[in-house]
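Letter by letter, the chains look like this.
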Amino acid sequence: MTEQIIRMEVMRYRPEQDEAPWLQSFDVPYSDDMSVLQGLNYIKDELDESLSFRWSCRMAICGSCGMMVDGVPKLACKTFLRDYPGTVRVEALHHFPIERDLVVVLDDFMEKLERIQPYIIPRQEQALSEGEYLQTPTQLERYAQFSSCINCLLCYAACPQYGLDSSFLGPGAIALLHRYNMDSRDGASEQRMELVAAEEGVFHCTAVGYCSEVCPKHVDPANAVNLNKTRAAGDYFLRFAKPKGRCQ
Amino acid sequence: MNKRRPYVRPMEGWWRKNPYFIEYMVHEGTALFVAAYALVLLIGVVRLAQGEAAWKAWLTALQSPLSVFAHLILLLAIGYHSYTWFKIMPRTLPPLSLGGKRVPGGAITATGLIAVALASLALLALAWRIST
Ligand code: FES
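In order, the protein sequences belong to chains A and B.
Each residue of the first sequence is one higher than the last, beginning at 1 in the numbering used here.
Each residue of the second sequence is one higher than the last, beginning at 1001 in the numbering used here.
The shape of chain B in the complex, shown without the other chains (with noise of 0.2 Å):
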């Protein structure tokens, strides 16, 4: 008789067991947030083509303390979401190299979130420009 029994173990609640899971998992699910970001933009595009009043209900409805509110948590998800993202980019992309050396994964996310750092504060410098 086969004596062979061999265990397969349950996957069940996998990613909370280890703490590099838990972080992808907070990765992924602030994607939902960069999608609810950009539902927020569409609507206001949506409100500006149904003309100067409802544009200007949009604008005013954002300013309400609810939705400052949901923009900061909005901010710190995003925030997060491309800091991860940046990360792991080393992992995608083909080997780079500068001068014939192999360009470090650390530099290359570094780069990365320098250039976020810049885009944002451009686009922050640009928005003020024209609110002022």
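So that you can see chain A by itself, here it is in the shape it has in the complex (with noise of 0.2 Å):
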């Protein structure tokens, strides 16, 4: 395999002395196995050990090295760098805050991860000596696909919605609070319908989609919130025809 190299061209932000962000130029000795990921490393280990960005896995399931490739949202481990001739340029992921270089502030997620209650509340709480909670092919099949999701935020830098106004939930919770919902085993979607029909929940999305096209797990955020905006509709109006709580 011959060596070829590729000009990476990185962002670069260090606050206590840049005033914005800035793109340094790298040449990177590259060959055709080499992810956008590696192509970093190589600049760390060999070039300029202060450049910052995140990851772990290398295997596109620890969601850490999230990032824009030539403006694209991309996993950086799952994004080749054979597939950039010449140049690529790497930022760090839109629409978050940059702490330094490549990473970026996220606070703003973790604190809405939070407000979901992104674990199962059972419907009916069972005792240990009664066994598992069951449940058929079916019912799983029904929040499958929402459960693959990494928590990497490329649907939140791919979402000019959640750029425009951070305060709106985003396509990532929404998506996995439908997986919650979704499943059988949990009770308490009446509990997260608040978030979802509140100013700041599904109807912030004007349905752009790229969100999904973005997805490296295919989890389709977009579906899930579209999904819950006829939900929260559907609520509204039902609010109207079937009270809650007994008659006094």
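There could be a bad hint or two in this list.
Unchecked claim - Derived DSSO-like pairs (lysine-lysine); straight-line CA-CA distance at most 30 Å:
#1 1003/B <-> 44/A
#2 229/A <-> 1017/B
#3 229/A <-> 44/A
#4 44/A <-> 78/A
#5 1087/B <-> 44/A
#6 229/A <-> 217/A
#7 1101/B <-> 1087/B
#8 1087/B <-> 78/A
#9 1017/B <-> 217/A
#10 217/A <-> 1003/B
#11 44/A <-> 217/A
#12 1087/B <-> 1017/B
#13 1003/B <-> 229/A
#14 1101/B <-> 229/A
#15 1017/B <-> 78/A
#16 1087/B <-> 217/A
Stated by the list, open to error - Pulled a few chain A residues facing chain B out of the computed Cβ check, cut under 7 Å:
#17 11
#18 13
#19 15
#20 97
#21 99
#22 109
#23 163
#24 207
#25 208
#26 209
#27 212
#28 216
#29 223
#30 227
Hints are computed from structural coordinates only; laboratory data are not their basis.
The beta carbon of each residue, even a glycine, is placed where N, CA and C say it ideally should be.
Starting from two chains that each stand alone, build the complex the way the hints lay out.
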């Protein structure tokens, strides 16, 4: 395998000395099987050890290495240098504040993730002695796709509505919320409905659909968001039809 | 002292930076043409209510070269709008299954587009029958 050289233009932002982010060019030797992440690691090991970026698994499962590659949200470990002949531009994930270089501030998403209660809240608490909560393959099928989310936040970087107003709950959190709502063992969709129907909930979405396009796990968050628009609207009207609670 | 100084990037011109967003904006923009055509039809109804002379005048106005040209533009814009509308449709529908298998997005889009084509042809044939 012959070694070629690629020019990697990497976004730098060092809060203690840079006013704004800028691009630094590095010439990186690469082979056909090298990912963008490996290119960045080459830079860090051989050219500039001060470069900061997140990564862990190198196999598209931890969701740490989300960044913009030539302007498109990508997992750096799942994107190959060979697909960008000549030059490749690597920037911090769009729509998030930049902490340093390619590292973005995730606090906003973490807080949202917590708010949606991303865990099963049993419909009926079952004693240990009663055994496990059972589920059929068909019931599993209803949420399986949405459970593939790895929280890489590429969908947030693809969502202009989130970029324009970060109060929007956003594609990833809504997809996860939907994943738990669709689980036959869960009984908390009514609690979560408040978030769905809120001002910052699903109606912030204008169906751009790019979130689903960039999702490396085929979760299709746009589908989760749009299905919940229907649910929220239905819930709103049904509230008049079937009053909750008993008559006094 | 806290050295943290998170940098927030501006959103200006966001839709020009990605072909996907340009297509989205064009899709949203062509909705205005749909509204414009609805207005044209609405004016027709108003003219009809005003009596035969007004109705005839409206029909003649529709046949002017300018109007024919405008309709051509409307047709193109609305055609593009429906194309992109059906393209996004699989993302907005609940999962559909046929014979236990999930219907792929492409099939949903294709079915929608075929339905549009058939409905348009039927309408065209009907209009043709009435006007000849
Ligand atoms: S390093 Fe884990 S997803 Fe890329």
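So, against the hints stated earlier in the document, which numbers end up violated here?
3, 5, 10, 13, 17, 22, 28
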